[in-house]
Amino acid sequence: IVAFHGRTNDNARVRSYYGLDREAKEYFVAYPAALRTSTNSFNWADPGNKPNEIRDIAFFDAIVEELGKQYCIDMDRIYVVGHSLGAWMANTVACVRGGIVRGSATVGGDSVQINCAGPTAAFLSHNPIDNLAPFSSTEKTHQLRVKENFCEPATQSVEPQSLLCQKHNGCLKGSPVVWCPHRIDTERGKFYPHTWPEGFEKAIVRFFEGL
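Numbering-wise (the working numbering), the sequence shown opens with residue 55 and increments by one.
One or more hints might be untrue.
[Claimed, not checked] Simulated pairs of lysine to any residue, SDA-like, Cα-Cα distance not exceeding 20 Å:
id, residue 1, residue 2
1, Lys201, Ala171
2, Lys201, Glu263
3, Lys221, Lys256
4, Lys221, Glu263
[As the list claims (entries may be wrong)] Have a look at the derived ranges for each label pair, beta carbon to beta carbon:
id, residue 1, residue 2, range
5, Ser190, Ile127, 15 to 25 Å
6, Ile168, Tyr125, 20 to 30 Å
7, Lys104, Lys256, 32 to 42 Å
8, Asp130, Gln220, 40 to 50 Å
9, Ser216, Gln124, 13 to 23 Å
None of these hints come from the bench; they were simulated from the model. From the three backbone atoms N, C-alpha and C, an ideal C-beta is built for every residue, glycine too.
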């Protein structure tokens with residue numbers, strides 16, 4: 055699992071709240087660090103990058119290659135995870151590297167892609183009242199993945215029900231699309247609809263294990 059951080063939280067910070075070290079014990083989990091911008095935030099791309107030439111797609115490629123050399127990794131089970139800008143990057147990588155990435159799981163982030171390299175299983179979650187990332191853009195990413203995976207518009211409710219998840223019918227075998235427009239809008243008692251939902255890491259591992 056390659057887990058991307060967002061615009062303001064670095065890789066150490068997201069490692070502490072993604073919960074993957076605890077839940078994904080049978081996986082290698084890499085937490086790459088993005089470059090800082092002139093405003094001291096982070097970004098995975100350079101200004102003007104074309105959609106299929108995002109700067110740090112090469113970084114992802116290098117991570118997979120290097121870990122594949124060092125460890126006994128099933129190269130058919132490469133996954134990406136992200137939150138916010140990290141979700142944007144994970145969704146982008148899953149699209150551009152559709153022949154490599156087996157599945158993605160993201161919260162509160164879209165993608166700049168309009169055509170993907172191939173089908174990839176997707177578990178997408180976003181709160182409709184999120185005021186930090188546009189829900190409408192993530193809906194477009196959701197529909198792109200439905201198209202790329204040849205899914206039907208019809209859905210059925212699946213776990214976790216707490217995230218209001220719907221699984222599309224008829225997707226290509228091994229490439230399901232689950233869409234979760236959750237309504238969780240608090241974090242540590244404060245209103246924050248851009249939150250990483252409690253228990254999402256368990257749902258991620260369950261999704262990946264089912265592929």
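These are the hints, each one checked on the structure:
no., hint, result
1, Lys201 <-> Ala171, "holds (12 Å)"
2, Lys201 <-> Glu263, "violated (23 Å)"
3, Lys221 <-> Lys256, "holds (17 Å)"
4, Lys221 <-> Glu263, "holds (16 Å)"
5, Ser190 <-> Ile127: 15 to 25 Å, "violated (37 Å)"
6, Ile168 <-> Tyr125: 20 to 30 Å, "violated (35 Å)"
7, Lys104 <-> Lys256: 32 to 42 Å, "holds (37 Å)"
8, Asp130 <-> Gln220: 40 to 50 Å, "violated (27 Å)"
9, Ser216 <-> Gln124: 13 to 23 Å, "violated (37 Å)"
In this structure, the earlier hints numbered 2, 5, 6, 8, 9 are contradicted, and the remaining ones agree with it.
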